[in-house]
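Peer 1: Based on the sequences and whatever the hints tell you, model everything.
Residue numbers (numbering that gives the first Met the number 0), protein chains in the order written: chain L, 0 to 203; chain A, 0 to 263.
If you're looking for bench data, these hints aren't it; they were derived computationally from the structure.
Derived pair list, reagent style DSS-like, types lysine-lysine, alpha-carbon separation capped at 25 Å:
(1) L:Lys121 / A:Lys192
(2) L:Lys114 / A:Lys210
(3) L:Lys121 / A:Lys210
(4) A:Lys234 / L:Lys175
(5) A:Lys187 / L:Lys121
(6) A:Lys151 / A:Lys234
Because the structure is a prediction, the values reported are computed rather than measured.
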Amino acid sequence: MKNKDITPFEQSRQLAALASKDYAKDFLALLVMYRDISASEAASRLNIHIKTAQDFLEGLEEAGILGKHKAAKGKRPYFRYSLKEKSIHITFDLEGLYDRQAHASGAAWIIKERKNSGVLFKEGLGERISSVQVFEGSGRSREERRYSLTECQGRFLFYLPFPTEPPSPVMDIMNKAALDKECLPEVLDLVDILLSHDVIEKKG
Amino acid sequence: MEQTSKLKPIQVGMTIFTSILLGAMIFGRIFFGPDGFYWTFSTAHILLGLIHFTVLMRTRNWIYLIPSGMYTFWFLTFFPPLAAHPQHLFFSIVSALFLLAFIGLLFSRRLEWRYKEILQLAAKPVTGTTDGFTSRPFPTGSAEFTREDAIKLARYLTKNVIAFPFIESDRVVLVIPEYMWVYMLFFKRSYEKGTYVAFSDSGQVTVRITKNDYQKYREELTFDQLCLSLGDLFKQFMLWSREGTSEKIFAKLKSAGKDQTDEK
Numbered sequence: 000m001k002n003k004d005i006t007p008f009e010q011s012r013q014l015a016a017l018a019s020k021d022y023a024k025d026f027l028a029l030l031v032m033y034r035d036i037s038a039s040e041a042a043s044r045l046n047i048h049i050k051t052a053q054d055f056l057e058g059l060e061e062a063g064i065l066g067k068h069k070a071a072k073g074k075r076p077y078f079r080y081s082l083k084e085k086s087i088h089i090t091f092d093l094e095g096l097y098d099r100q101a102h103a104s105g106a107a108w109i110i111k112e113r114k115n116s117g118v119l120f121k122e123g124l125g126e127r128i129s130s131v132q133v134f135e136g137s138g139r140s141r142e143e144r145r146y147s148l149t150e151c152q153g154r155f156l157f158y159l160p161f162p163t164e165p166p167s168p169v170m171d172i173m174n175k176a177a178l179d180k181e182c183l184p185e186v187l188d189l190v191d192i193l194l195s196h197d198v199i200e201k202k203g
Numbered sequence: 000m001e002q003t004s005k006l007k008p009i010q011v012g013m014t015i016f017t018s019i020l021l022g023a024m025i026f027g028r029i030f031f032g033p034d035g036f037y038w039t040f041s042t043a044h045i046l047l048g049l050i051h052f053t054v055l056m057r058t059r060n061w062i063y064l065i066p067s068g069m070y071t072f073w074f075l076t077f078f079p080p081l082a083a084h085p086q087h088l089f090f091s092i093v094s095a096l097f098l099l100a101f102i103g104l105l106f107s108r109r110l111e112w113r114y115k116e117i118l119q120l121a122a123k124p125v126t127g128t129t130d131g132f133t134s135r136p137f138p139t140g141s142a143e144f145t146r147e148d149a150i151k152l153a154r155y156l157t158k159n160v161i162a163f164p165f166i167e168s169d170r171v172v173l174v175i176p177e178y179m180w181v182y183m184l185f186f187k188r189s190y191e192k193g194t195y196v197a198f199s200d201s202g203q204v205t206v207r208i209t210k211n212d213y214q215k216y217r218e219e220l221t222f223d224q225l226c227l228s229l230g231d232l233f234k235q236f237m238l239w240s241r242e243g244t245s246e247k248i249f250a251k252l253k254s255a256g257k258d259q260t261d262e263k
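Peer 2: This is the structure we're talking about:
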């Protein structure tokens, strides 16, 4: 990939997007058949718009599948594209999407509900909260956002210390709610959301 | 030292309801003469009779037979088309007897809703005023009871219009409404926006106080202490109910009401 800032997930996503085009199979076959090809040649061959062909070729070139070189026809320079790779592998590393290490310290966070957080909690069956409604903005531009909670998150929130109570570590709240460690990532995700909406406060 | 109630004036809705009924009678008298008054008077009384009869059916508390009967016989006595009824004298005598019984009932204070007293008792041990309101329910810890105990308590509290119960698969929820009629007369069928104490089958006791009810207090009482105190109050009710001394619940609430009167 040329763009060094792009993540492996983003790279795979772009390749998958290109491969999902209706004309992708014919276009790739064309690239295998031809030593090199220009956007206008490919467009005329596949009966698609030249801009569409151009974007497809640029996308593959960006992903490192194609190489391109400048050619001159008359006065106007243009690019010709040729295959660099004989196969394309699209891999999504799902485990890599969640940084367990970065979240590991979250278990020790000391938290409680913030005073006058202004959110609405909807109670679910059993000792759990089923959803949280937060409000963003004010007046006519005030918008409501509702988060539906998982069983783990709902039980965790049920036992979160009240604004007037002393704060507790996340792990202690989880123990109180009888949640096992498997729940920690989703609990911390909820904590992140609530922190971003100023619903809870973190000590230290 | 002069004490003041921790509560603002509450149950204003009942004053409005009574004023509307009185207003209708006055309106009837002014615009339609004595007949207009008797029509509105008797209509108001049959309405009250029906309300109390519904409460009687829902609570299975036979004392509601007294207001139901009284309002019904007042209707029969004062309804203009029945003025010449052969049994009119009988209706009048029975009305008077019911009235005497009703006065006795008022003195016993058995008909009163206990919303105010419950809020007052819950606030009594709370000394902090650091607010901290949240719409989340508060887990007040566990208590010794079975599901049958919780249902037994619920029945007693319903019978004495202290709390309205919702019997769920895993818990018994006791709602403390400001206006018990909204539940008794089927205007409300859920406790989503109500203050309640819930007894879970797991032995946990959970309390939720709504913003509306919290704002009934003059001060912003420390919220977790208030929830805890309300939970403790109902745990005490549970204990008395299990011991077979449920009458202590009524006595406790009655004494709280008396304290308020004294404080004023």
